[in-house]
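Assembling the complex is the task here: the two chains are given apart, and the hints tell you how they should meet.
For reference, the chains in residue letters:
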Amino acid sequence: MPRSYRIMTALLALTGCISLVITGELMPVFMIPGLAIFPGYYRVLKGLEPAPRWVIAVLSLLTAGLVAFDTLTVSGDFFIAVAHMTIIFQALKSFDLREPWDHLQVYFMSLLQLIMASELAISMAVGGMFVVFLVIFVTAIVLSHFMKEDTLGSVSLKRPVAIITLAAFATTAIFFLAVPRARGSIWQRKSSTSIRAVGFSDKVDLGSFGRALEDSRVVMRVSISGPKLPLYWRGITLDYFDGYSWKDTMKRSVRVRKAGGKFDFHHPGSPRVETIQKIHLEPIDTDVVFGLGEIVAVEAPGWYISRDVAMGVKLPFKNDRRFTYTAYSIPGGDLGVRRRYTEYYLQLPAGMERVAALAKDITAGAVSEHDAARRIEDYLKTNYQYSLETIPPPQGVTPIEYFLFDSKTGYCEHYATSMVLMLRSLGIPARIVNGFSGGEGNTDGDYVIVRQRDAHSWVEAAIEGKWVRFDPTPPAPKGALSSFALMYDSIRMSWYRYVVGFDAADQRTIFSSVTAPSLTLPEISGISLHVRPVYLIVIAGLLILVAMKCLAFGFSPKRSFETAAYMKLRRTIARRGGVLKPSSSPREVLLEAGRLEMDVESAYELVRLYEDARFGGVELGSGDRARCRELFEAVVKK
Amino acid sequence: MASRRMPMRLTREGKRFLIATVLLAFAAFNTGNNLIYLVLALMISIVVISIVSLILNTRGLSLDISLRGPVYAGQGADLEVSVSNSKRVLPSYSLRIHLPKGIEGRCTIAKVDPSSCASVECPVVLNKRGVYRWGDFTLESGFPFIFMTRAFRVRVEGAVVVYPGLVEVPDLNAYSGEGLASFTIRPGGGEELLSIREFRAGDDVRRVSWKATAKAQKLMVKELAEERPRSVNIILDDIAPFDGRAFERAVSYAASFAYKLLDEGYYVGLVTAAKRLPYGSGMEQLYKILDVLAVVRETESALTNFESDPSGTSVLVLKSAASPIKNIGADMVVYAS
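Chains as they are written, first to last, in my numbering: chain Z, 59 to 696; chain E, 1256 to 1592.
Next comes chain E alone, as it looks inside the complex (with noise of 0.2 Å):
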């Protein structure tokens, strides 16, 4: 971690104190009056008072940062802030930080005790998805009076993966007639009855219907039904025409589909111009299809088929109805704009 000090700043309350103590030192030249060159020395005691406490006071300090849980660009996310003072003997009072560029925020720490370590955290805010490399934060502090503050710059390494934001997505049964449960009953080794069918070469024999071979005069066997999750394939229009902002609405649509339908239990694959994920479920899928819609950007043509996949339901996120791939024959289509 790389810090650079940064020079001595009068605030506005500093500037007119100084330009008192100027004014005062006239006063005092121009009488000759003790007593106010004792005012002129109490306020030239408190300006090198100030620089000496600015000094001592941001000496020996050290910055850690970390963030708690995963950040969605737009919506809040805490930000551990620690704060290590070495120094042996003197604590270091109210140190601000300063957030670098695109995190907004606030961040006061009243005290380090020496030898001490005092963490913090802070409600913030990245506005923009994408790998965020932390850069530079600003650590300052005015103590002890009001009239100058002191910082240094601190360069932070490493970088965070801010995910779109996720907004309120529209509920995709209304896209669809028959609805969009979350799992597809299909043939298969579950309990419940299914339909009863004529046998055929490789069933089980242990599910032949005597009763219903019976009734049909035919060897009939038991279909049973199997419960399995619906897969949805959303494909994100991130192709020309450009359009940055219908772009990143759509983003976050797909981001937020995903979130909801996994969240529901759905197998979840994402297609975009440049990547297939295939189907997953879980955070762990979640965190795929953030991971790939983090980064993901606009190009000139895809590299990938956008065409949709017959072995579940495709929903298709549009930036507008000027999209070349609106016709792929998605079961859904979600216009962003």
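The following block holds chain Z by itself, in its conformation from the complex (with noise of 0.2 Å):
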């Protein structure tokens, strides 16, 4: 078998054992045997002999019992059991490779690796080996054909495989824009690496923040336009406080259905600006739908959404998967209040006198209740120091009577909460809300960065009709990304806004901008057009046809020396007035140059050497050329 076949194979045998691998989501214990691929290959390089087919046989069954205990005991997932196994079938596989339907094996195998890669991970590392797989499955089935037909080293392969390798990544873009985005969901794989989400469900312990607040994985790259509103982008809103930990009691939502693509929260005569948030929310354990203020509607996959009495949105399943929505927001909305739901903002636990008493004291001679609010804010912003390092309170006493009272160190939660107490107290009903705050911009690629660092929570207050909202926490310090940092970024961003979370939006806006009436270009020199871009694609096709036919002519047989050089000739006698016609034979050729008093023995011995080559059958050297060379010289100096 010839070598280049046999390389092939082996890097594509390590491009889908790679691919699983770089995944992070295998276990090391069961990669070790894959380790075996590396002396296989070396034999299979060297040409050595295949291990015996016991030996394969029954190293196969092995694995297949050792996919069984791995399903059932250790790593619990199926999907993950298969992983090792291909990484062990394709060691396997190396030391049997005999026949080249074995070699075809080892392609399958690997092209199952890669897609076994990209439902584990869809990272851009899983997308550069998908760009090496390609290239190096493409040639490895060209190679094939030519091993089937027994041709291969016959023909210069090279250039082919450039073609269609080219052609295979266009061809693939093209599809990858095209195919009908769907998700039918009736078999889903759970992530694991999916972030555990702290704060977003129906009961938060106060301190559970704490771990969070370190985190500094991704939770959402967020794309903004229209009006700019405070970054506080709203998840939950939590109501009862036993003095421990945080409940929705209410527990009253209504399911929203699609409308027109968007589930449409507007209410009459709410204002139609809105401002726009494309969200592309990595895999985290939680169903809400983080947004600006109050979301007025969204647009994402499902049938239905759920909203609640305090505006928060929940999808109708738990997001374990990157996925991207979009939020539309009214700036600057106040959310309003529901007269028959305050009293449960106003719920407070026993035992928070204390709390009350202080909260009244801050509160002496404030003119209304948002000045109270206010002057509460201000007075736990300024007294208390941000920590993340708090000291558990000690026996008998609640966490936020030690915050406020013994140990004035915290974080938002103790913030937010000590606010809630201390409005409700004073009988302004109030409510935690848990989100994220802030993000870093991202100039690249205009967005924003928000981690799970920036989880935080916050006070709405409901104020003359309307939730107001307050953040009583003191600013924490944040590092900054450098500017690499956010460049790595930005590409992620791309790789994740326009290769992952393509999707059927994105289709129906590529297919509206192809068949849009007109295209507006960008203005050169003062001059703006507008295009229909149906034109600007009848254009391309047109220009691809002239360069086809240009083409044409630059790859058509070359002439060989001797006949440009009589070709030449030819042309210098017509220039120096000789009559020649198209048809005119080498002799009458001659005739003219004598006629013009040229160096006609040259010339004869010029013509004689084409004709020789030409009709001769005679095979001209490189002495040839160069004797052409001087001879036409010869013939055009005298």
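None of these hints come from the bench; they were simulated from the model.
Hints should not be assumed to be uniformly reliable.
[Stated by the list, open to error] Listed next, with one range per pair, are the computed distances between beta-carbon atoms:
(1) E/Lys1270 <-> Z/Ile232: 21 to 27 Å
(2) E/Gly1413 <-> Z/Ala605: 38 to 44 Å
(3) Z/Lys626 <-> E/Met1261: 46 to 52 Å
(4) Z/Arg645 <-> E/Asp1319: 30 to 36 Å
(5) Z/Phe227 <-> E/Lys1270: 21 to 27 Å
(6) E/Met1261 <-> Z/Gly318: 49 to 55 Å
(7) Z/Tyr556 <-> E/Arg1361: 46 to 52 Å
(8) E/Ser1339 <-> Z/Lys626: 26 to 32 Å
(9) E/Ala1275 <-> Z/Phe227: 16 to 22 Å
(10) Z/Asp273 <-> E/Lys1270: 45 to 51 Å
(11) E/Ala1275 <-> Z/Gly185: 18 to 24 Å
(12) E/Asp1319 <-> Z/Val694: 41 to 47 Å
(13) Z/Ile232 <-> E/Arg1314: 19 to 25 Å
(14) E/Ser1339 <-> Z/Arg633: 35 to 41 Å
Even for Gly, the Cβ is constructed at its ideal location relative to N, Cα and C.
Structure, rendered in structure tokens:
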């Protein structure tokens, strides 16, 4: 078997295995047998004999048993167990390559590994492996074809392989954009890499945010368009506090069905100017839809969406994989208060007398509820220290009392809870809101990076018929990313946005931009152009046709040097006044040369060389080439 | 030359690849994972590239064939296959030429450059003697991958005469007690003295042996020897009772005897039920005999006289001992069965 063919098989097998390994989902202990792939392919490349069939059969059976054991007891995941198995099988196959069909099995196995890797991780590294796989796979199956035809090595394959690979890239891109997007969700594998969300469930223990605030993993990347809004990514609201944890006891929500491709919550009279947030959410084990302020519409997959009385929006499923949705928010829109639910937001746990007294002290002299709330906010912001290092309260003391009167150190949950309790003690309905605040703007891609450490709690108080946001937490120190890290994140964002997050809406956008009535091109020298994109495609097609025609001429067999010299001689004679027709024979050419008193002897020798080569089957060498040149120069000089 | 395109055909690998593509489409739909859509796009693109490449690769091709030298049934011959590519830009790769029924062989051309022609000599075997009309050649390509093939049939006009296969034949000397020398020595105008005999009217006086005349006391002349090729008439048993297999063997024997004898310098004639070829020598006579033997068929009765020609040695090639012409008085009888 040709060496190039064996090399391709080895590369493809390695590409498949590496694709799986870089997902980081496999267990190293199961990858150890896979290391046998290296000696296996070393033997293949050296042309050594394959291992005995019975050895391969026994080891294959053992591997199958290992998969069962892996699924049932070790990884507990059939998908991962099969991924482990493919790596071991690739190693086994490297010792069992006998026929071309064995090589094809390796190709198919590598393809399977790439597919599995795509399901296990959607990082850019897997994308990179896809590109490598495409090049090697296309090359390998072209080589397989020539191998099958027994003509491998008889023609140079560099050019066809290069052209086919480029064509494969182009058509893959086209089909990627064109294949209709859908999500059937008949069987889903649960992602084990999703970020464990804290603070977005129906019960949140006080202090649970602490660990999350040290986690710098990206939760979402958001492109924002429309009017600017403060970056408070609202998640859920909680109404009941028992002294140690917050709960959602209202549990009142309505299901909203999709209309016109959106879940629309607009109420009559609400402004139509919206801040649009395209949110690329990382796998996070919550069903909460995050958005700025009051979300009035959501564009997301699914049949329905839930919206509770506190304007919190939830998906019908937990989002354990990367997911993109669009949230529409009303700028500056204070959330309306529904009076029948305000009593829920006045609940206080027992033993809050000291807290109530403190609230009274702080708000003494306040002229309004808003003024009172602002005073509490300022008080907490200025008299307490932000720290993630909190000390547990002594026995019998609630965490909030300990925070307010003893430690005076805490993080957002402590501040927000304290403020809610103080407002409630003053008879102002208040609730705690968990979500994310801020984020890091990335100018490279014009989007905001929100991380787990941006998780935040703040307060909403019902003042003058509206829910007003207060944030009593002093700013926490946060490290900024370097410009290189921002650029890298921007590339990742593009990857997630245009490859991983490409969806049916993007397809519609592309389609509508192609079929749109007209497209305004960038202004050049003050001239603005409006062109129908369809025309651009037609023009591009015509240009391609012209290019192909030019190529056709370019690729037509080249004239040999003697023919070129003869034609040059004809042109020279014609230029000097000789009468030559296209049908003039070499003899007539010589006669004309004589008439023009050119060096006929040299011309005769040149014509003879041409005739010998062209019609006599004489093969001319490099010496003849030089002679042709000399003769032509001699003819021309005279 | 007429050509007819045939539908594209999926290979075994192609069927599996297509099944894998359908399964992957299901997986992509199920998961909504864009990276799986990406792999799906790659697989679809490979299918599309296969189809487009096959169409382009097999476009603008024409086929020409010719045979080198005489062709004997069941024996190797060189078939020269030329494929011309009239496309101006694109070369055609990996063209397989399937030969029509009755010709065994395999022919592959790795590349035909644009506006060019590529030839290849294919060793082929034509199994049956007779006039073989070329018929449909199939030009097939699977380039660039291994998943599909596309073919078109090319009807090639013309025919080739396939001579009977040559076999090892018994040495005719074994049949003749005196041996069957290729030349017979007869009185004539040679150089060597054959005998001295009494003068007859008409003898050239210059050949009178005066010494012998003196001894014998009558006019004696020298008779000179002349070497003449011996004539062998091959008689082929091609009449009833019919026995196809034995007949084919008999035809091969007859052809092989003719080949061997003519090669050794004999004058060889052929007698069949329908045709009598007079004696002749050399390659021209061989091909005359082979032409007759290429198309000879068994018949009910003879149109010619099978009786031995007294001017030459007759070799009767019989299908079996049951042949009605076994007693025609041939010098030698060879059984093909």
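Which hint numbers doesn't this structure obey? The structure breaks none of the hints.
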